[in-house]
Structure formats: structure tokens, C-alpha cells
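Make the complex out of the two chains shown on their own, each in a separate frame, by following the hints.
Chains as they are written, first to last, in my numbering: chain A, 1 to 577; chain B, 1001 to 1110.
I should point out that these hints are in silico values taken from the structure, not numbers from a laboratory.
Quick caveat: nothing in here was measured; it's all calculated off a predicted structure.
Hints may contain errors.
In silico DSBU-like pairs for lysine-lysine, Cα to Cα no more than 30 Å straight-line [stated by the list, open to error]:
id, chain 1, residue 1, chain 2, residue 2
1, B, 1041, B, 1031
2, B, 1030, B, 1041
3, B, 1041, A, 574
4, A, 342, A, 258
5, B, 1070, B, 1008
6, B, 1008, B, 1066
7, B, 1085, A, 570
8, A, 446, B, 1066
9, B, 1008, B, 1031
10, B, 1030, B, 1074
11, A, 210, A, 574
12, A, 446, B, 1030
13, A, 571, B, 1085
14, A, 274, A, 190
15, B, 1066, B, 1041
A few chain A positions that, by computed beta-carbon distances, are all more than 10 Å from chain B [what the hints assert, rightly or not]:
id, residue
16, 198
17, 232
18, 512
Even glycine gets a Cβ: it sits at the ideal position worked out from N, Cα and C.
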Amino acid sequence: MSVIMVLAYVLTRTRAYTDIMARKEITPNQQIGMALIFGVFSIYGTLSGIDVMGAIANIRDLGPAIAGLVGGPWVGIGAGLIGGLHRYTLGGVTYIPCSVSTVLAGLAGGLIYHWRKGEFVGITGAVVFMALMEAFHMGLNLVIVKPFSVILPIIKEIYLPMILTNTAGMGIFAFIIHNLIRERETQRTKELIEGELRVAREIQMSIVPKIFPPFPERPELDVFAVLEPAKEVGGDLYDFFLLDDDHLCFTVGDVSGKGVPASLYMAVTKTLIKAKADIKLGPDEILYRVNNELCEDNDSGMFVTEFLGILTISTGELVFSNGGHNIPYLRRQNGEVAPLPKVPGVALGVMEDFEYFCASVQLEAGDSLVLYTDGVTEAMNPAGELLREERLENILRELNGKTAQEEVGHILHSTRQFMNGANQADDITILVIKYLGQKLLAYRLKNRLAEIEALALAVESFAAANNLPEQMVFQVNLCLDELLTNTISYGFPQGGEHEITVEIVLQGGALVITTHDGGLAFNPLERAEADTSQGIEERPVGGLGIHLVRNMMDEIEYRRESGQNVLVMKKLIKKNN
Amino acid sequence: MKIKEDKKGQAIVLAIEGRLDSITSGTLEKKFLTIIDAGEKNIVFDFTSMDYISSAGLRVLLMAAKKTAKLGGKVVLAALCDNVKEVFDIAGFTSIFTITGSSEEAIRTL
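One chain only, chain B, in its complex shape (with noise of 0.2 Å):
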């Protein structure tokens, strides 16, 4: 899996690349934490290349919902394929997450 990072206005944009399953779950953990250390509270995650999501991935994307929102920030979710969004609707997070079809579009919600 691999992580694109991108400052774009007042966001950061993180386009994730391949599997995002338990063992590269940790990896995008860590990176997250880094970028909310360095300051940022406004994260984008872009997942036109990202083909696969498992539990896992979930629970790292909620976490770093409830640690922007708790910073006043927000977490937007961009370019999910058909299979990653049903995914999402099974577990719920369609409700919870604010979900757009592209990154510049998550960019403008911010």
C-alpha cells in the first residue's frame, strides 16, 4: 500500500494506493498521527486507487474522525470505488463520514 501525501488550501490530502487491510492499516495509523502532530486538523482521503478495505482500515478511518473532530477539524472521504462504498454502507459509515465522488470536491467542503 502506498500513501501520496498533498497540501492543497487547508487541507492535507492523502491518496491511498492498493489494500487497506490489518497489516497496512498500521502504516496509514501512523502516518494520520503524524500529520495531526505536525498541526493539521483538515485531512482528505483520496481513494481512487485504493481497491480494497477491510475492518481494519474502518476502524483507523474512524479514528482519525474522532481525533480531527476533537481537534475542530474534519475527516472528508473522496473517490470511493463501488465495492469500498458498499463496504461502508454495510458497517454504517455512509451516515457518519462525509463521502464526495472527487478530492476537489472534499477540498471545497472543507
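So here's chain A without its partners, still in its complex pose (with noise of 0.2 Å):
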């Protein structure tokens, strides 16, 4: 029996195997090494076989049979007529039954395969088989040989210890390839399914904004997000972009539902959310026409929890509405955590013509605004407690003086923490979008020279705060210094005390520096610039100040506008070595 066992052993391990249980066809050397192998192991049966009366009672037509029944048709014939022909040699009493039937076994075997389209035929059929098989090689036996009377005492002896020891024999192997084609189909629907849930994760992870920072031109906002998906893609989805050059819309949804089904509907929302975006419209109205759309063609009874928030960058107001999701936090400047306004709202996706409403509050430069799916709220430890707000609120509050990436992270990290090692059920998904306002320096001054020197003060000071290189601050001061001093001296000839203003605006890269005045219609621009090629005695003494803003500024650009001299000029924001 063990011999058995090691031979199917081995048997698995071939190539030929391993094409088997593909159910690919099996090459012709593979048949001719299949018929060799089996037919060794039949004359192996034989030659283990014992005496009883002058007759073997042995094994021989296992191999053949097997080989039938796994190969098919000419692996067993092939295999029984090494056997047989084997056992033909030895002679003996019952040497043309046996060899014919060491034969038949091997054909038989193989037109069960082929009855069988190459399946196996199971542990049962297999055992009935041989059962069979051996009965009808000891009938065969008593036909054949003759006198009767010989025969019979021999057959009445070996007849139930050939039968019970092939069918055993049998019924080890059947079960060993039983198993291992079981095995087999585990593997494949586990590899079917984990295809499927990759293919769920690729579209969930490709359309989810992944690049950061996302708007480095507009420095008033940070903004980062994280999505780590579950085992089983659970459907979270974020996005965030410009509805116009002053408004970020930006949102946080949960799909119900997991795998394919939920990374589909959820490519649908986002691109439905993009769709219907628009500057004219609120984040209700927004919601309400997309959730619409999505009840439209809900045949999947899906839906989707949906929160839409409007920021304008300038002033900092957040307008935003809530279909069923969670509620985002804010957390101020000071320290202070506090949910947004509950505003009330279903999920999209599960009734139509359903109104949202929309609430609003006011962000000051460096709150940040936290949403979040309930795979944060809801992640779950090895002792089955959930994470929940208060502990979430708690989390908020350790941040301090973080930019969004690491607010991000430590939100993520404190879940995992908190996780310790357990399965994650949901998709965790975190979105910071910190406000750092407008930076902006706006003063005025009376037309008097002396107040130039304070406004260079004002300017160093917003530099600073800015980390603004220095070499920066002193050349737009000068510039400010030649412009203003222009202005006071030459543009208000009626005299009076008059306003100027002076806008500084840092805006990704670049200072812009805007003055405005009511003086006379003059344009600095105009003036000829000092030719710097002259020596000292040829070089006039005026438009000096002109061409140092021209050569210090990398963009100025005059307009006169509602009685107003309007001067705008950039300077690029070059680091220091």
C-alpha cells in the first residue's frame, strides 16, 4: 500500500500532472511516460504478488486501470500490455486470463475516461471499477482455464483477497487524486475572485486624485488625502478641484456595498460629482442633480453617502451640504474641534427628487477641515470596540501646527494604532484641506515722503511672517520707495492730503504688488530710462528710479482706471542659495 501512496506521490509532482488537472491535453510523451510508468507499477503488482495455490494473488491491473482512468485510453492500454505481456512471460496456470485481463483493465479504464470527457470519475466509480474489474478478471479466469476443476479451488481462494486488495488500491489512489483535484478548483475560484478584487481596487485607486500637492500654485491651500482600500474594495471615493479661480469644491463619499459593484458605482458618482459641478449652482443643487442621475439607472439598489463642500479661497467661507455621510470636523487655528453644523440630507442614489440643504461657516487661516469615511469612525480592535468620534475628536486635537500631509498621516497612523494588528472590514479614507487664507498685505498711506519708511516696515514684517528672502524685501521696498515717491511728488500738484493704497498679494511664487492712487494721469512706464552706458559727465541725472524698478521688477504693467493710476507688478519668489 505504501508503495501506492509514493507513487501517486510522485506521480503529482510530474508535469504531467499538473497538465492533468488543467485539463490540458496530455502531449503523446506524456501518454508514452504515463503507459511506462503505470505498466512498471503493474509488473511491480506482479511481482509482489502472492503465492496462494499455485496462482498470484496480486495487484498488476491497478496500474493499467489507473492509468485508463487518468490517461485515458491508449495510456491504458499502453500500460496493461506492459503488464500483461510481462506477465504472459511468466506463464503459469492462469497466464492468458491474466495477461488479457491485466489488458482490459488499462481499456476499460480509458473508455470511462472518455465516457467521461477526461473528468475523473470520482472515488466512488473508480472502487466500483476495479470491484468490477477484478470480478470479472477471476470469472475470466474460471472460463478460460481449463479443467474446472483446477481452477476453481484456486479462484474460491484468491477471489475475495484480489478484489478487496485492487479495489483497495483503487479506492487510496482515488482518493489521493480526489483530493488534490479539489484542491485544484480552490485554487482557481480563489484566484477568480482575487483577479476580481483587483481589478476593483485598480479602478477605485485610478480615479481618486493621487497627485500632491494638487494646487502649489495657490498657496492659501493645503490640501491631502489618503484612500486605503479594504480586502474587499468597499467603495470609498474623495475628490477635490477649482470650480473657478476662487472656489475649491471638494467632496467625501461611501458606496454601500463591496467588490466590483461598489468601485463601479463609485467611478460613476465621482464622474457624475465632476459633471455637474459648476460655479452657478450650490452644493444642494449640485447633490440633488446628481443624486437624480443615480436614481435614474439604480438597478443595483446601491447608493452612495455624499459630503459637498464649496470654499471660497479669497475669503474663507465653506458652503457645503451632507447626503447621509459623516460629518466632517473642523479644527481651528486654536486648537478647538468641533463637527461642522448638522445639515440634514439622505444618501444619494435612494429616492428621487430629494432636497438638500446646505449650511455654511467661516475658516480662518490655518483651521483645517477634516473629512473622513467610517472606515476611520468604525475601524474596529482585536477586542471589538470601534474607534468612534470621541476618540476621532481626541485624535484631532493632538494636531498642532501640521501641514495637511502630516495631519493625514497622523490621523492614519492613530487608527492603525488603535487597529493593532485586526482585519480592516471598511476602505479608510481621510481628506485635510487646510486653509492658510489669503496672504495678503493691504496698506495705506497719505502722500507724504515720510511715510514710505513706514510702509517698508510694514513690508519686512509681512516678508518675515512669509519667509520671503531678503534681498527681495529691499528691492520691492526700493521699488515701492522710487514709485510712490514719484507719486507723491509730482501727482497731486492742487495739493491736499491724499490716499494711496499698496496691495501685496504672495500668490504661488510670486509677490504682486498692486498701488493704486488718485494723483494725475501719469504712467512711470513712459518716462525714458537712463541710459547706463554713459560716464559720469554725459549721464543726466533723472530716470534713475524708473529703470531700477523696470530692471528689479519682473513684470510691471500701468493702467489708468476710474480716475485711478493703477500699477501692477510681480516679482517672482527665487530661493537663496
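Laid out in C-alpha cells, this is it:
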């Protein structure tokens, strides 16, 4: 018996086996190989037999029978011929029926293989087949061998052991093969499922924005997000985009359901939101329209919770609507953490024509808006506890003077710490929008030369607060000095007190300086510039100021607007070495 | 803005402290003219403590250079900080003025 097991084991390690299992065609070479192996096994069966009254009880038929069941008629016959011929050469009383039935065993097995179209007949089938085959073998002996009186007692002795041992041997082999087949099927199903999950994850991850920082030219915004999918993709989504120069639209959502259907629904939702979003619509109107679209062809019965906000960048005003999603948190600059005001609304995709509502809140520079899905609040630790909102609030209180990326990292890390190795059942999504305000200096000065120095100090402290290079500050102040000196000296010949405004905006990589004054229409750019190639003798004294301004600023533009001179200059921020 | 006056050999050294802009340049101009009237013609402007100069200041220096040249004298500028030197470069003044690293050097060139 151990030989059988060893043989079965060895066989399963061969290429032919994997091919059989994969239901591929067995190549002729493989067929020959199998026939040989089972043929040799058949011979072994003969040689390991036990002498019973001149006949040998053995498992010779087993090899070809298996060969036929597993490899088809030709393999079976091949093995049978090898074993049968060997038996034939040994001679003895039963040499004809025994040799013949060995070959027939292979053929019969092969026919069953054919009948089953290559599929394994199963344990019961194999065992029954073997039993019948051996019975037939015994019967054949009784019929062929003469005289009957001699063969009968022999058969009487060996028929039972013959049938039993062969059947048992077949049973073992069939059992092993059956298990291996089942294992292979389980493996295949597992791969199919994993393949599907991979597709779902790819869909999900490919459509959420992943490039950070997303708006490098907008220093007023610091945005970062992360989406950690669960093993079975859970349908979380987030998105953000500029509606126009001054408005940021952003959203976080969670689709009911898992796997490929959820990821597809999420892709549809995200696309719809971006398509429907418009500066002329409020967040409630956008959700209203998206909801109607989702309800229209919603056979699946899935729905999605969704939060949508629109931030006016220049003022910090945030308007938002909610469709059943977790209410985001607002972490103020001073460390206060509170959820946004609740605004009613059902998940999208549930009911058509549903009216959404909006609320608003004022963000100040340094505030962080934290959006998340229930993958965070319903994260579970090994003890079965949920993270919950209170813990999340505490985590948010710990944030201090961090960038949006650091805040997201901290929240994610704390969530994972809480989970402590437990399985992640749902997608985790965290989106942080940090409002930095518009870096702006707005200054009013009177038309007196003495005020220029005070302006210079204000510019210096604005620059220090924004880490601007020192040389740049010097040059900006010098330019303002030159231009304002001109304006103050010549712009108001009538005299009197007048106001000049200076606005400096830090706008992504550059300083934009705008001056307004109500003096005489005067375009400093029209002034002839100094010729710097002239020597001391020839050099006129005038024109230097504007020459300096032109060379120190990267861009300069003048226009006359509503009775005011408006000058706009731009200087790019170059990092000092 | 403060001006410190010193006589060193053949030259008068004027050390400027603070800003040389449209408001303060008038003071420097007056001072300069007083010195010229007193018969001096070699002036060293020591800018070690001058942290800012605008075109008004440049104009005074240009005027000073022209005047001393007519008198057969010279103006030398010393110890310009980086930002001030940049202004001179842009204005094209570095090629028409003698500029030294320190006032001692400046005195030696005279």
C-alpha cells in the first residue's frame, strides 16, 4: 500500500499531472511516460504478489486501470500491454486470462475516461469499477482455464483478496487524486476572486486624485488625502477640484456594498459630481442633480453617502451639503475641534427628487477641515471595540502646527494603532483641507514722503512672516520707494491730503504688488530710461528710479482706471542659495 | 540718517549711517556742497552703516562725482553692502565710480 502512496505522490509532482489537473491535452510524450510508469507499476504488482495455490494474488491490474482512468484509453492499453506481456512471459496456469484482463483493465479504464470526457470518475466510481474489473478477471479465469475443477478452488481462495486489495488500492489512489482535484479547484476559485478584487481596487485607485500638492500655485490651500482600500474594496471615494479661480469644490463619499460593483458605482458617482458641479450652483443643488441621475438607472439598489463642500478661497467662506455622510470636523487654529453644523440629507441613489440643504461656516487662516469615512470611526480593534467619534476628536486635538499631509498621516497612524493588527473591514479615507488664508498685505498711506519708511517696515514684517528672501524685500521696498516718491512728489500739484493704497499678495511663487492713487494721470513707464552706458560727464540725473524698478521687477504694467493710476508689478520668488 | 565727517590725509571721509533716500539725500547734498565750498575736492563715502539707497541718493552721488571731477578731484565709494552694490550694478554706477572694499583702501587710491 505504501508503494501506491509513494507512486501517487511522485506522479502528482510531474508535469503531466499539472497538465491533467489543468485539463490540458496530455502530450504524446506524456502519454508514453504515463503508460510506462503504470506499466512498470503493473509489473511490480505481479512481482509483489502472493502465491496462492499456484496462482499469484496481486495488484497487477491496478496500474493499467488507474492509467486508463486518468490518462485515457491509449495510456491504459499501453500500461496494460506492458504489465500483461510481462505476465504472459511468466507462464503458469492462469497466464492467458491474467494477461488479457490486465490489458482489458487499462482499456476499460480508458473507456470510462472517454465516457467522462477526461474528468475523473470519482472515488466511488473508481472503486466500483475496480471491484467489477477484478470480478471480471476472476470470472475470466474460470471460463478460460481448463480443467474447471483445478481452477475453481484457486479462484475460491484468491477472488476475495484479489478483489479487496485491488479495490483498496484503487480507493487510495482515487482518494488522493480526488483531493488533489478539489484542491486545485479551490485554488482556481480563489484566484478568480482575487483577480476580481484586483480589478475593483484598480478602478477605485485610478480615479481618485493622487498628485500632491494638487494646487501648488495656490499658497492659500494645503490639501492632502489618503484612501486605504480594505481587502474587499469598499467603495470609498474623494475628489477635489477648482470650480474657478476663487472656489474649491471637494467631496468625500462611501458607496454601500463591496467589490467591483461598489467600485464601479463609486466611479460613476465621482464622475457625475465633477460633471454637475458648477460655480452657479450651490452644493445642495449639485447633490440634488447627482442624486436624480443616480436614482434613474439604479437597478443595483446601491446608494452612496456623500458630503460636498465649496470653499471661497479669498474669503474662507465654506458652504456645504450632506447626503447622509459622516459630518466632517473643523479644527480651528487654536486647537478647538468641533463637527460642522449638521445638515439634513439622505444618501444619494435612494430617492428621487430629494431636496438637499446647505449650511455655511467661516474658515480662518490655519483652520483644518477633516473629512473621513466610517472606515475611520468604525475601525475595530481585536477586542471588538470601535474607534468612534470621541476618539477621533481626541486624535484631532493632538494635531498641532502640522501640514495637511502630516495631519492625514497622524490620523491614519492613530487609526492603525487603535486597530492594533485587527483586520481592516472597510476602506479608510481621510481628506484634510487646510485653509491658509490669502497671504495679503493691504496698506494705506498718505501722500507724504515720510510715510514710505513706515510702509517699508510693514513690508519687512510681512516678508518675515512668509519667509521671503531678504534681497527680494530690499528690492520690493526700493521699487515702492521710487514709485511712491514720484507719485507723492508730482501726482498732486494741487496739494492736499490724499490716499495711496498698496496691496501685496503672495500668490504661488510670486509677489504681486498693486498700487492705486488718485493723482494726475501718470504712467511712470513712459518716462525715458536712463542710459547706463554713459559716463559720469554725460549722464543725466533723471530716469534712474524707473530704470531700477524695471530691472528689479519681473513684470510691470500700468493702467488708468476710474480716475486712478493703477500699477501692477510682479516679482518671482527665487530661493536664495 | 547720520553723517560722520572725518579728515584723513588728502580726503574727507563721510560715513553715512541709515537710509539714503528721497528725504535724507537732501541733507547729504547740503553737507557735500559745504565741504566743496570749504575747498575740499577728494571725498570718500563710507557706506559701512548705510543699509538702503534709492535713486535720490544715487543722484546726489552722481552730482558729487561731476562736481569733484570739475575741480580735479575724485569721489570714491567704500564698503557697499550686497543689496546696495546690486542697486549700483543695475544703475550702471559700478563702471563709472571707483568702489573699494574699505575706507582705508579708498583713501589709498586718492
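Right, here's what the structure says about each hint:
1. As the CA atoms of residue 1041 (chain B) and residue 1031 (chain B) are separated by approximately 13 Å, the hinted pair is consistent with the 30 Å bound.
2. A hinted pair counts as satisfied when its Cα atoms are at most 30 Å apart, and residue 1030 (chain B) with residue 1041 (chain B) qualifies at roughly 15 Å.
3. Distance check on the hinted pair: residue 1041 (chain B) and residue 574 (chain A) sit about 43 Å apart at the alpha-carbon level, beyond 30 Å; violated.
4. Between residue 342 (chain A) and residue 258 (chain A) the CA atoms are separated by roughly 28 Å; this keeps the pair inside 30 Å, and the hint holds.
5. A threshold of 30 Å between alpha carbons decides the hint, and for residue 1070 (chain B) with residue 1008 (chain B) the separation of about 22 Å falls inside it, so the pair holds.
6. Between residue 1008 (chain B) and residue 1066 (chain B) the alpha-carbon distance is near 22 Å, which keeps this suggested pair within the 30 Å criterion.
7. In summary, the hint linking residue 1085 (chain B) to residue 570 (chain A) is supported, as the alpha carbons are separated by about 22 Å, within the 30 Å threshold.
8. For the hint linking residue 446 (chain A) to residue 1066 (chain B), the alpha-carbon distance of about 35 Å lies beyond 30 Å, and the restraint is violated.
9. Between residue 1008 (chain B) and residue 1031 (chain B), the direct Cα distance comes to roughly 17 Å. Compliance with the 30 Å bound is thereby established for this hinted pair.
10. The straight-line distance between the Cα atoms of residue 1030 (chain B) and residue 1074 (chain B) is roughly 18 Å, inside the 30 Å bound, and the hint therefore holds.
11. Proximity of residue 210 (chain A) to residue 574 (chain A) is assessed by CA-CA distance (about 28 Å); at most 30 Å being required, the pair is judged to hold.
12. Taken as a hint, the residue 446 (chain A) and residue 1030 (chain B) pair is honoured in the structure, with Cα atoms around 27 Å apart against an allowance of 30 Å.
13. Using a Cα cut-off of 30 Å, the hinted pair residue 571 (chain A) and residue 1085 (chain B) holds, with the two alpha carbons roughly 20 Å apart.
14. The straight-line distance between the Cα atoms of residue 274 (chain A) and residue 190 (chain A) is roughly 36 Å, outside the 30 Å bound, and the hint therefore fails.
15. A hinted pair counts as satisfied when its Cα atoms are at most 30 Å apart, and residue 1066 (chain B) with residue 1041 (chain B) qualifies at roughly 11 Å.
16. Every CB of chain B lies more than 10 Å from the CB of residue 198 (chain A), the least distance being 59 Å, so the non-interface label holds.
17. With a least CB separation of 63 Å from chain B, residue 232 (chain A) remains clear of the 10 Å interface cut-off, as annotated.
18. Here residue 512 (chain A) stays apart from chain B, with its beta-carbon at least about 21 Å from theirs, past the 10 Å limit.
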